[in-house]
Structures are given as C-alpha cells and as structure tokens.
Amino acid sequence: MAAKKVAILVGTKKGGYIFRGNADRSKWTADGPHFAGAPVYHMAYDPRDGRSMWAAVNSTWGGPRIERSTDLGKTWKAVSNPVFREDMNMVLRRTWHIEPGHPDDPDAVWVGTEPAGLFVTRDGEYWSTIDGLNRHPTRDRWEPGGGGLGLHSIAIDRGDAKHMAIGISAGGAYETRDGGVTWHPWNDAVHAKHLPPSSRGEPTVGQCVHKLLATAEPGQFFMRNHERIYWRGPKDKKWIETTEGLPTDYGFAGAVHPHDAKTAYVIPLDPRLRMSTPESTAGLAVYRTTDRGKTWKRLDRGLPKAMNAEVMREGLSVDPLEIPGVYFGTQAGELWGSTDEGRTFERIEQYLPPILSVTAAWI
Amino acid sequence: MATVTVRLHGAFSDFAGGTRKVTIQAATVGEVLDALPERVPGLRERIRDEHGRIREHLNVFHNEEEIRRLQGERTSVRDGDVVHLMPAVSGGQ
Chain F
1 MAAKKVAILV GTKKGGYIFR GNADRSKWTA DGPHFAGAPV YHMAYDPRDG
51 RSMWAAVNST WGGPRIERST DLGKTWKAVS NPVFREDMNM VLRRTWHIEP
101 GHPDDPDAVW VGTEPAGLFV TRDGEYWSTI DGLNRHPTRD RWEPGGGGLG
151 LHSIAIDRGD AKHMAIGISA GGAYETRDGG VTWHPWNDAV HAKHLPPSSR
201 GEPTVGQCVH KLLATAEPGQ FFMRNHERIY WRGPKDKKWI ETTEGLPTDY
251 GFAGAVHPHD AKTAYVIPLD PRLRMSTPES TAGLAVYRTT DRGKTWKRLD
301 RGLPKAMNAE VMREGLSVDP LEIPGVYFGT QAGELWGSTD EGRTFERIEQ
351 YLPPILSVTA AWI
Chain S
1001 MATVTVRLHG AFSDFAGGTR KVTIQAATVG EVLDALPERV PGLRERIRDE
1051 HGRIREHLNV FHNEEEIRRL QGERTSVRDG DVVHLMPAVS GGQ
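Line by line, the protein sequences are chains F and S.
First residue of the first sequence: 1, per my numbering; consecutive thereafter.
First residue of the second sequence: 1001, per my numbering; consecutive thereafter.
What the hints contain is simulated information worked out from the structure, not anything from laboratory work.
No false leads were mixed into what you were given.
With a straight-line cut-off of 20 Å between C-alpha atoms, the simulated DMTMM-like cross-links for lysine to aspartate or glutamate are:
1) LYS162(F) <-> ASP107(F)
2) LYS77(F) <-> ASP1049(S)
3) LYS77(F) <-> GLU1038(S)
4) LYS77(F) <-> GLU1050(S)
Taking the hints into account, I'd like the entire structure generated from these sequences.
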C-alpha cells in the first residue's frame, strides 16, 4: 500500500482538479479537469473509507448532479439527485457542499443544496430529505444571499455524531442535537445589519452565514458571517464575536486547524469590491488566530503584494498533518499553498479556471 | 410503435459516454424521452427534473422542428423519424 500523501481537490468554474503532492508537499501533479466545462462548487474526500471522493457538479446542461468516485478520483459516476418532498414544489438548482459524516455514523454523507436543503445518504446512491430542517417553520423567512438561497455549511461536532450545525445564506445557522430530527435557529448575539432594526437585536433567523465549521474541540464551532467572526464553545449561551484585529469585517473563506481548537484562518475582503485590495486589506493575505480570535496575525510572505483577489466561501482549506499545510485558490485561477501553517506561501498552480473550492485531504 | 433514431449532441452525448445515436421504439416524443434512460443510464435525471419536466437548457427537436412548435411531448413519431437532444445555446458560465 502506497504511503499517504496530501491531495488538494480543487473545484473550478470549468471542472474539478486533483493535485497530488509528493512526500514533503513541495511538488504537485495535477489531474483534471474532471467534469470538464461544468462549475464544481465543492469536492470532498471521505477519510472513513479512504477511497471515496465526491463532487458537486452544477452543470448548465443536464442540471446539477453529484458525482462519486470510489477509487480516489480515477473514475467518477453520477449518483441520484437529492429530491425535495413533492408538495414543496422545489427543483434542485445547485449542490453547495458535501460533508462526510461523523466516524460514529460511518455510512452517512450529508449534502447542502439550493434551494436551501439538507439531505443525507447512507448507501452512497440515494438521498433522504431532512424534514426537520427542510420543512422548518421559519423557512419562509429565509432570503437568498448574493449567491442564491444555499445551504453551504455542514459542521459536525467532533465529539458527538448527533450534534450538528448548518449555515444557510441568508437563513442563518441552525443546530440539531438529535442527529437531524429536530432543528432550532442558532444565531444568538449574531450581527445582521441587513435586517430591519426591529430584528437586529436578536436575529433568530435571517443572518447571513458565510462559513460554519466544527473545531478540533468537541462541542466548539467557528462561524464567519457576512460582517463578523464568531466562536461558540459547548458552555457558551451565545456566539462570541472575535473580529477585532482584522483589516475588514467582511469575507467568505475560513478554515480551522485540524488539531488546535484555538487556531483558525480567514481571508478578509473589501466589503464593497468583494476582493482583497491594496487599499482595504493591504493586498492578499491569510489571517491566523491562535487564541480563539482574541488576536489575528497577518500571513502574506510569498503572496503578491498588490494583487486584487477574490477567494470564495470554499476557497480555503487546511490539511490534517501535524504541521498542517494551508491552501487557497483565487478567482484568478491561482492555487497557493503553505507547508508551515501559513508562515510562507508558494504558488502551486496558475492559469486554472476561476477557483470555487479547495479541499485538502490526506489520501 | 415507431422505430426512431435519437441523436445526442454536445453534453448529452457526454452524459451517454460518447454515444451519439440510439434507436428507440415509441409512439410519441415523450415516450422517447422516457425510454432513453433505460437504454442509456447516464441520461437518467439529465433530461427531466424531479417533477418530470424537460430540463432547462435542453432543446428537443422532432426531425427539424423544435417540439414546442409542435405538440410538445405529445408529438407523434413515425418510423424513420429523428429526435435530437441538443444543448441550448445558453448558460454562459
């Protein structure tokens, strides 16, 4: 059996790529494009079986589809599409995110869709609708964000397979503690400037989540929303804001450290231009906290200083090694990587189609 | 029942693993579309959405006429007819 190495799964506007690294992550071999010509919103690797990969292929022709590989990306096959209950009269428009389940629920794979919906498969082929969320009584208060009404974040508590949180733009965050049967809004103390003043004090529904992740500590979650960054531990009754120290409040991409629950990475953007710019963010940079958001450190060594760059919601990822690599992709088709936790970056590839998602895996 | 030829163009040939021509027995265009995924599994869910409607960005031609100008899926077919599945010139992504 070959020794494991890092692979970077890259979804682009025109297909998906797999970059396979050598032992020290200094050289990469590109494989792709798979699903040529179709936007790939997200790709995922399932570490539980060590062979499955998934891709959210949102093709104009033939509609959206989900593809699965059971041979580490050599061959792919479309599985069935998630289907909303007939009486909801909804047509799947896009798949936003694919999340392999908790190790204690070894067959489960979750997907988030547009219109916002959550589905699970346990046979790798057919999806079950999660009615407790998809038919939630607050559903009529969900409004589409700039990218559409998508469920894009699925975060599973590292310590409890039945404890999950999801993020909907712009429906907000929801939490379940019973494996997805019942859900409640989970937005206590979250900012939502776009809502009417009467709703801002307690935006139970409607805040614009950009990224919601489970950290390495059981029961702890990290959330990047439209205008702030938050953490929430198992004993917290509300989200704790930790945006101070970043050049802007705005951004999409976020990633958490695989082993250190106090460490996370974000890429701030100019809120008006939706890019990093020399004026608002002093160029392209990753920001890292190692103290649960109390302070942030700018990481830009090796990155172009004057570059305007847009990094999308799924565009930043961290590999699971002891000293993790940090990877991100831009809408300019550049894939960047760091093998020293972000201290220095090197360009892995350029001239790719606009990058929509980056997922680092240990395969 | 008539024996008709289905020609798959562009992405729809890709979904079919490169197949460009399929022969189907059917009485209407709708029956042709229903029968296709049985013969070509890669076309399952690519022609119709979950409500059974022909997907956006797909034009279906009966011989040289787009079926919306005929009787839609109820358009009758005869021996030797050709049904084309053609990606619409649309999208732009």
